[in-house]
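S.K.: Listed in order, the protein sequences are those of chains A and B. Position one of the first sequence corresponds to residue 1 (my numbering), numbered consecutively onward. Position one of the second sequence corresponds to residue 1 (my numbering), numbered consecutively onward.
Simulated from the structure, these hints should not be mistaken for lab results. Take these hints with a grain of salt, some might be off.
To be verified - Derived CB-CB ranges, DEER-like: (1) A:247 with B:150: 37 to 43 Å; (2) B:128 with A:14: 55 to 61 Å; (3) A:255 with B:261: 29 to 35 Å; (4) B:47 with A:32: 50 to 56 Å; (5) A:138 with B:84: 56 to 62 Å.
Said to hold, decoys possible - Lysine-lysine pairs mimicking DSS-like chemistry, simulated, CA-CA at most 27 Å apart: (6) B:185 with A:247; (7) A:185 with B:138; (8) B:131 with A:249; (9) B:247 with A:138; (10) A:131 with A:146; (11) B:138 with A:247; (12) A:185 with B:131; (13) B:185 with B:249; (14) A:131 with B:249; (15) A:247 with A:185; (16) B:131 with A:247; (17) B:36 with B:256; (18) A:185 with A:36; (19) A:83 with A:55; (20) B:32 with B:83; (21) A:131 with B:185; (22) B:247 with A:131; (23) B:55 with B:32; (24) A:90 with A:36; (25) A:185 with B:185; (26) A:232 with B:232; (27) B:185 with A:138; (28) B:247 with B:185; (29) B:256 with A:185.
All C-beta atoms, glycine included, are put in the ideal place defined by N, C-alpha and C.
There are 2 protein chains.
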Amino acid sequence: MIIIGERINSSREQIAQAILSNDAGFIQKEAKAQAKAGANYIDVNAGSFVGEEAKHLRWLIEVVQDVTDHPLCIDSPDPEVIKFVLPMAKITPMINSITLEPYRLEGMLPLVVEHGCNVIALCQTGSSMAKTTEEKVKMASQLVEKVTASGVPLDDLYIDPLVYPLSTDTETTLCTLEAIEQIMKQFPGVHTTCGLTNISYGLPNRRLVNRTFLVAAIARGLDSAIIDPTDKGLYESLKTALMVVGKDKFCVEYLKAFRDGGFE
Amino acid sequence: MIIIGERINSSREQIAQAILSNDAGFIQKEAKAQAKAGANYIDVNAGSFVGEEAKHLRWLIEVVQDVTDHPLCIDSPDPEVIKFVLPMAKITPMINSITLEPYRLEGMLPLVVEHGCNVIALCQTGSSMAKTTEEKVKMASQLVEKVTASGVPLDDLYIDPLVYPLSTDTETTLCTLEAIEQIMKQFPGVHTTCGLTNISYGLPNRRLVNRTFLVAAIARGLDSAIIDPTDKGLYESLKTALMVVGKDKFCVEYLKAFRDGGFE
Numbered sequence: 001m002i003i004i005g006e007r008i009n010s011s012r013e014q015i016a017q018a019i020l021s022n023d024a025g026f027i028q029k030e031a032k033a034q035a036k037a038g039a040n041y042i043d044v045n046a047g048s049f050v051g052e053e054a055k056h057l058r059w060l061i062e063v064v065q066d067v068t069d070h071p072l073c074i075d076s077p078d079p080e081v082i083k084f085v086l087p088m089a090k091i092t093p094m095i096n097s098i099t100l101e102p103y104r105l106e107g108m109l110p111l112v113v114e115h116g117c118n119v120i121a122l123c124q125t126g127s128s129m130a131k132t133t134e135e136k137v138k139m140a141s142q143l144v145e146k147v148t149a150s151g152v153p154l155d156d157l158y159i160d161p162l163v164y165p166l167s168t169d170t171e172t173t174l175c176t177l178e179a180i181e182q183i184m185k186q187f188p189g190v191h192t193t194c195g196l197t198n199i200s201y202g203l204p205n206r207r208l209v210n211r212t213f214l215v216a217a218i219a220r221g222l223d224s225a226i227i228d229p230t231d232k233g234l235y236e237s238l239k240t241a242l243m244v245v246g247k248d249k250f251c252v253e254y255l256k257a258f259r260d261g262g263f264e
Numbered sequence: 001m002i003i004i005g006e007r008i009n010s011s012r013e014q015i016a017q018a019i020l021s022n023d024a025g026f027i028q029k030e031a032k033a034q035a036k037a038g039a040n041y042i043d044v045n046a047g048s049f050v051g052e053e054a055k056h057l058r059w060l061i062e063v064v065q066d067v068t069d070h071p072l073c074i075d076s077p078d079p080e081v082i083k084f085v086l087p088m089a090k091i092t093p094m095i096n097s098i099t100l101e102p103y104r105l106e107g108m109l110p111l112v113v114e115h116g117c118n119v120i121a122l123c124q125t126g127s128s129m130a131k132t133t134e135e136k137v138k139m140a141s142q143l144v145e146k147v148t149a150s151g152v153p154l155d156d157l158y159i160d161p162l163v164y165p166l167s168t169d170t171e172t173t174l175c176t177l178e179a180i181e182q183i184m185k186q187f188p189g190v191h192t193t194c195g196l197t198n199i200s201y202g203l204p205n206r207r208l209v210n211r212t213f214l215v216a217a218i219a220r221g222l223d224s225a226i227i228d229p230t231d232k233g234l235y236e237s238l239k240t241a242l243m244v245v246g247k248d249k250f251c252v253e254y255l256k257a258f259r260d261g262g263f264e
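The following block holds chain A by itself, in its conformation from the complex (with noise of 0.2 Å):
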């Protein structure tokens, strides 16, 4: 399971606070907590910032590599953001994320290419987003066709299905998880990766609604996760759900978060 931390944005308040009054320190605690909490990849987003965007996320990706050597994600919807910070890497990082929009996805995948990078891809064009089992499955399949064809590995290849809010739509959820399973049944070696929170926006106890969806993904293939670590309750019912799928032999990785204190 390949966790991405996601909680170095720009879209948080405090966030865009600590980038706008450079504090290196708040950034660099949520980055180590992130590491220590189990990412994989901590995740850098300077989104909110239009025009200033690179600046801030050059900014943010060095002041994270100068506390942990874990790889980042590197989160923009602009191929010329991505093209301007990429060599700024120390360690082949993922980029966040490419489309079926043509200028998003001919502008991001030869950097891809060029840098060996893994890749989220979503299921959505320049002008719609999948909503049902079909839909998603279907870009899914025109993502895989092109980005192999770009010469990446299906392995580097995480594709997001997106997910909606349940309090406006109780139906399309479902899709989601059912094309979770169809994609890695139908392409074996990709990976599929989902963003939580917005499942779970309008609706009380929204920490209840995220980890019930990410076990229920798990269940039905998912392999990789946009998520905060550090929500012990999260944290806990994804290693739980790894081991129910039989993805943690002899529950090794799950006694092992319970010894480290890693359960609420």
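Chain A is fixed; fit chain B onto it per the hints.
M.R.: What follows is chain B alone, placed relative to chain A:
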């Protein structure tokens, strides 16, 4: 989701004591608590009392029926015991359980037919319990064939594909999950159910393991469970999982359970 409340089982020390001391109040408190917490059926089991099972089970049925209008799930492996107590049920009960063992199957099926009961059927014969996905689905198929041939509608059949402790085998739980999905797809209209507690035997934080498995099983199609509905963590996971898989239109049940204080 059909919830069978498992607490009135003589394998629990407090229940065995209450039976021996004719403490109807204790049993009735357990029955009412489970009914209030969301059980659809109240399981009654006196299986620990070899030779006196029928007598004690009859008493359990009497005292439980005195305080609740919920149907019972009459729990015994012995067709003679079931036959003895079945006429006492005021509301059509569920029978827990048949297997492919000829004595048990042929002894109980006529009772199921005569009384129009729902019935739980375990994926096991007299000599072996299904372990692999293939074994589970094969035995489920045999159970479907035999039960429907006797005149029982598919909708009255609850197949339990069995779970084993993760602590002794981390492979077979995935088989249970896969079997649930395959059984639900191959026999539209049939139900699947599961007793959970076995799965966490020997592990720390058993409640976490139980509720995580329940969510995973619901994600694969499980539509009934033999659980302790008064376990709030388990119950909130169940309600949330049903919402996540699209079985709670407009999140009505989730929000109701939250408002009613059914959440931890």
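S.K.: Take the hints in turn and mark each one as holding or not.
M.R.: A quick look at each hint next to the structure:
| no. | hint | verdict |
| --- | --- | --- |
| 1 | A:247 with B:150: 37 to 43 Å | 41 Å, holds |
| 2 | B:128 with A:14: 55 to 61 Å | 58 Å, holds |
| 3 | A:255 with B:261: 29 to 35 Å | 33 Å, holds |
| 4 | B:47 with A:32: 50 to 56 Å | 54 Å, holds |
| 5 | A:138 with B:84: 56 to 62 Å | 59 Å, holds |
| 6 | B:185 with A:247 | 24 Å, holds |
| 7 | A:185 with B:138 | 23 Å, holds |
| 8 | B:131 with A:249 | 17 Å, holds |
| 9 | B:247 with A:138 | 25 Å, holds |
| 10 | A:131 with A:146 | 21 Å, holds |
| 11 | B:138 with A:247 | 25 Å, holds |
| 12 | A:185 with B:131 | 23 Å, holds |
| 13 | B:185 with B:249 | 22 Å, holds |
| 14 | A:131 with B:249 | 17 Å, holds |
| 15 | A:247 with A:185 | 17 Å, holds |
| 16 | B:131 with A:247 | 17 Å, holds |
| 17 | B:36 with B:256 | 14 Å, holds |
| 18 | A:185 with A:36 | 32 Å, violated |
| 19 | A:83 with A:55 | 12 Å, holds |
| 20 | B:32 with B:83 | 26 Å, holds |
| 21 | A:131 with B:185 | 23 Å, holds |
| 22 | B:247 with A:131 | 17 Å, holds |
| 23 | B:55 with B:32 | 22 Å, holds |
| 24 | A:90 with A:36 | 19 Å, holds |
| 25 | A:185 with B:185 | 17 Å, holds |
| 26 | A:232 with B:232 | 19 Å, holds |
| 27 | B:185 with A:138 | 23 Å, holds |
| 28 | B:247 with B:185 | 17 Å, holds |
| 29 | B:256 with A:185 | 37 Å, violated |
Hint compliance for this structure: hints 18 and 29 are not met, and every other hint is.
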